[in-house]
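*Asks:* One-letter residues, chain by chain:
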Amino acid sequence: MWEALSEPFRYRKPTKAAKEYKEQEAGVTVKRPKQKAKNWQATLKRVWSYLAHRKGRLSLVLFMVLLSSGLTLLGPYLIGRAIDHYLEGPGGAPWLLFLVGLAAVYVCSSLVSWLQNIWMISIAQETVYRMRVDLFGHLHKLPIPFFAKRQRGELMSRMTNDIDNVSSTLNSSAIQIFSSILILVGTVIVMLLLSPLLTLLTFLVVPLMALGMKWITRRTGVLFKERQGNLGDLNGYIEETLSGQRIVKAFSQEERVIEEFGERNRRIKLSGFWAQAISGFIPKLMNGLNNLSFAIIAGIGGLLAIRGAITVGVIIVFVEYARQFTRPLNDLANQWNTLLSAVAGAERVFEILDEDEEAKDETAAESIESVQGEVVFSHVSFSYNPGEHTLKDISFEARPGETIAIIGPTGAGKTSLIQLLSRFYEADSGNITVDGHDIKSIRRESLRSHMAFVLQDSFLFEGTIRDNIRYGKLDTTDDQVEQAAKLANAHSFISRLPGGYDKILQGDGSGISQGQKQLLAIARAILADPAILVLDEATSSIDTVTEIKIQEGLQRLMEGRTSFVIAHRLNTIRRADQILVLKDGKLLERGSHEELLAKPGLYSELFHGHVQLQ
Amino acid sequence: MPLFFRLIKKYRVAAITAIVLMLVELAVELVQPLLISKIIDDGIARHDAGVVLIWCGVLVAGTLLAFGAGILSSFYAAHVSQSLGYDIREKLYGKVQAFSYSVFNRFATSSLITRLTNDVTQVQDTTFMGLRFMLRVPLVVIGSMIMALVVHAGLGFLLLLTVPALILFIVWMVKKAASLFKKVQQRLDNVNGVMQENLTGMRLIRVFVRREQEAARFARHSGELMQSSASALRLTEITLPFIVLIMNAGIIAVLWFGQLEIRAGSATTGEVVAIVNYSLRTAGALSALSMLVAAFSRAHASAQRINDTMETDEETQRISDETDKIEETIMEGSVEFDRVAFRYPNTAAPVLEDISFRASPGYTVAILGATGSGKSSLVQLILRLYEEDEGNILIDGRNVREWPIRKLHDSIGYVPQEVVLFTGTIRDNIAWGLEGVSLEQVTKAARLAQIHDTIVQLPNGYDTLLGQRGINLSGGQKQRISIARALIRRPAILVLDDSTSALDVRTEGALLQAISSLRCTTFLITQKISSTLNANLIVLLDDGRLIAQGNHMQLMASNTLYRRIYESQFGEEGSHVGSLK
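Protein chains in written order, with the working numbering: chain A, 1 to 614; chain B, 615 to 1195.
Quick caveat, the hints were computed from the structure, so don't treat them as lab data.
Heads up, some of the hints might be wrong.
[To be verified] Here are some chain B residues pointing at chain A (derived, C-beta under 7 Å): (1) V627; (2) F689; (3) L730; (4) L818; (5) N862; (6) L999; (7) D1003; (8) S1131.
Keep in mind the model is a prediction, meaning the values are calculated, not measured.
Note that the Cβ used here is the ideal one computed from N, Cα and C, for glycine as well.
I would like the entire structure built from these sequences, with the hints used as guidance.
*Replies:* Okay, structure coming up:
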């Protein structure tokens, strides 16, 4: 019994150190711009900029709040009058009239507060919707390296938990905060009119309140931020282990991930406990002060009434007003929890919005209508991190329609080269041109629309197979989709699937094999009909039998397009017009299969290495 | 909900303490109007300052008592709700981990994530509120009614009349709102699903310039979410104005009849004032209700979803069971398939049919076949990620189902087709799942996997952090780390599911060479005929059937398909290089 009773007081204080450790562990080494502990003003201002979209309706709500606050003030005042003038009086018509008036005030009050809430909800929901869409849109403008450095679950958490918090706060708290302030001001005015002395006494509690609130909020701000951070961390872990469930299972690591999950779970329990317990003081403090002012008014008011300085009605009005005076504060306090986590959440959302976008296209950047497919790299160097050299002084030239095979040991920089061409990353020095235009002068989307990619991890979206093939080009007929699938040799397996082209694939493409995914990706590229084609290990998971069959389709696909092919299979490579041999970021050799074989070098070495395996 | 009550039982002492402390606060508040009526009737009316001061002192004392109780209750309520949230998360995560792989795949990952995070937080926060406010509302209402009856039975009765109407209304509202919020939660799932997909497929979306379409899709789902949230909230917002209206009607009635009673001399002003005060308090308490109703409905829907997951049929995998008694470990690594057939749950067509072969200890078994011919499914059966429907799989002569799953997995090094790496350092990833592994062992595994040289060139070497799915390494590097993770366990059986696809020929050759020195039974799913040449056994699959098995020479002699594959990869080059020499 004692054990259970003392439990809440045995929580360890959460330490900053624990948090730092966590960040380190999560690999969040990216610098976070604008991450001040809290920048309330700026954050609120930005939330406001979203709300401002519905100024018209918002001012209507504002008006309603004004009205309902007035009616709220009128209620107790009328009751006070009733006590002083009518209760002990003779009744009759004036009394009846008075009650009818009171009823009218009550009905209006309910009606107005209903309307204001309903309107506010639509404003709030729209605001959150807009924030979501903005955030989503912004994610698509962020440079690819951003995603390489972030945990997906943590990003997810910002999109979901944090925005949710903002949503629930706007739904209920926004109006309450505003009307609280109005009622507060109105109450003070009416109180001063009724009895300045009692008003002054009621105000005795204000400094106490300020003091208490300061003590509390100084702690909760940090605690809530920490709790949200821990939540993001926990979500990241959940996401990772659930997405990698196959490995967890195959290595029988269920117990261990449960244990590690437990560690994070404990952390969030700890920070959650303190955040909740301390922010829970706020309503208690308010209640306490409320009760205190009640006692003061009843006591001093009673003494004043005995002397005849005030009436009983005034005491009653004061008691009710004093509550109305603390109740808005109480409401504010109740909303404090949500408000705190909402501001913390909004801050985290805005952090993402503040991430620099992919460097804006140059102002002079233009769209290019048609592309021949001439690609020239001249003296291109690039590194992911300063000090490393991923690509060094790469120069080559691809004429329209040529097939360029890029080979080299793993880590030689093959994929990086492609990333530069698609402008996922920007070269540190040197130029890349397409049809003579520096790619930096072409709008990214325009550039990419002339390219199609078949990547190693062929990613499929939740949706039908048809939609997935059509992904690169929406305005195509079902016939064209099937045609592309046939060329990619995907048609036969698709027709065998239950549902055929309309079979819905799960997000991770489960239900079909890796090789089948690659076939769909190839069909997708065929349909996209680009001038420049990039095949990054596109056929690595396709078996040889199937590859023989789609070779013709691939050949047809590459015909008339400048194609960059990263591959290991010699029969793919040897057909290329040019072969680029990369090693350690340097272009060692360049030429056709025959040319390269004729001279000693890495290529002929690799080629012989291949043969030696026999 | 049953889960909720089962779990909260553990904290009943703290929960009850929180409630008792809240009752103390409440009692203080409920006595206030009574004391006010005393001050009016006994003090002011009789001009007795002493009485006023005494009652005032009582009020101040009560205030302090209530404040102390309130602060304490905050600790207890936070303790209960956080512990409850912790327990639910732990149970739920444990449950999800206990799902067999096929049950796991029934859920969308994004939905499981929402359940583990959003839903739990929802339940937890509502519990906290519940312990502090939710009970408070009915208690204030009931307490006020009782006090009103005590003060003046006749007038109190008027107040009592309003209650049944309110209760009916609230019950209706909670029911209605729960279903609406369930829909909200479903749509939230959709929004999160799109989000997750986009984060995963960001590159592809970029290269296909599908930003606008994706944004439109996201906007559509968000729009649906907005609509259902708005309609759910709009409904709950009726609650407050309606309740207040009813209570105010009660106040008007009290005033009307109170005035009559005072004139008849059967009530005092103080009593009427007290009753009006009680109705105002009731209205005040109820005004918090619409927020509570909304929160409760949401929490109810969340609890339901958590419950659904927890009660997913018990087809969970036995992590430990009676087979744990088996002391032996897999030593030799012989694997035998005996007329094995398999189909995925809820599908009609079998993936594998009538598969029989035997791999002696130390064998290298190459599995070859067209895309979709069942190669991956076959090796997943060895791991018991899925279980065969017919036939037997024997390891070291014992049925796989009889091996303790832990021992089975400890003895099998599995490298899946898709690389899965975890956040953490390279060292952590290689040593993943093992305890007390020395750097030496890690380095050794990395050397075997041909990744050591690459790792030491990284700025932080083995301590380099990997982002999610090891995104800052190339595909081939990730594959080799994943292979090192399998090798460090010194497995008796090694399963490489097309795990060398991103490696160049030389690296792959070196890797296979290193593996062959390990003397473990190796299953090699591959596309490259070069890797099958040295295999002891080649299993050729086509459309779920085993169409040929044997070594390279045997298959060359007996199987036309195999010959064609060989020729497509080696025929020409073979002669070409031959001529070069």
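*Asks:* Each hint needs a verdict: does it hold in this structure or not?
*Replies:* Evaluation of the provided hints:
no., hint, in the structure
1, V627, "holds (4 Å)"
2, F689, "holds (4 Å)"
3, L730, "holds (5 Å)"
4, L818, "holds (5 Å)"
5, N862, "holds (4 Å)"
6, L999, "holds (6 Å)"
7, D1003, "violated (18 Å)"
8, S1131, "violated (16 Å)"
Hints 7 and 8, counting from the list given before, are not met by this structure.
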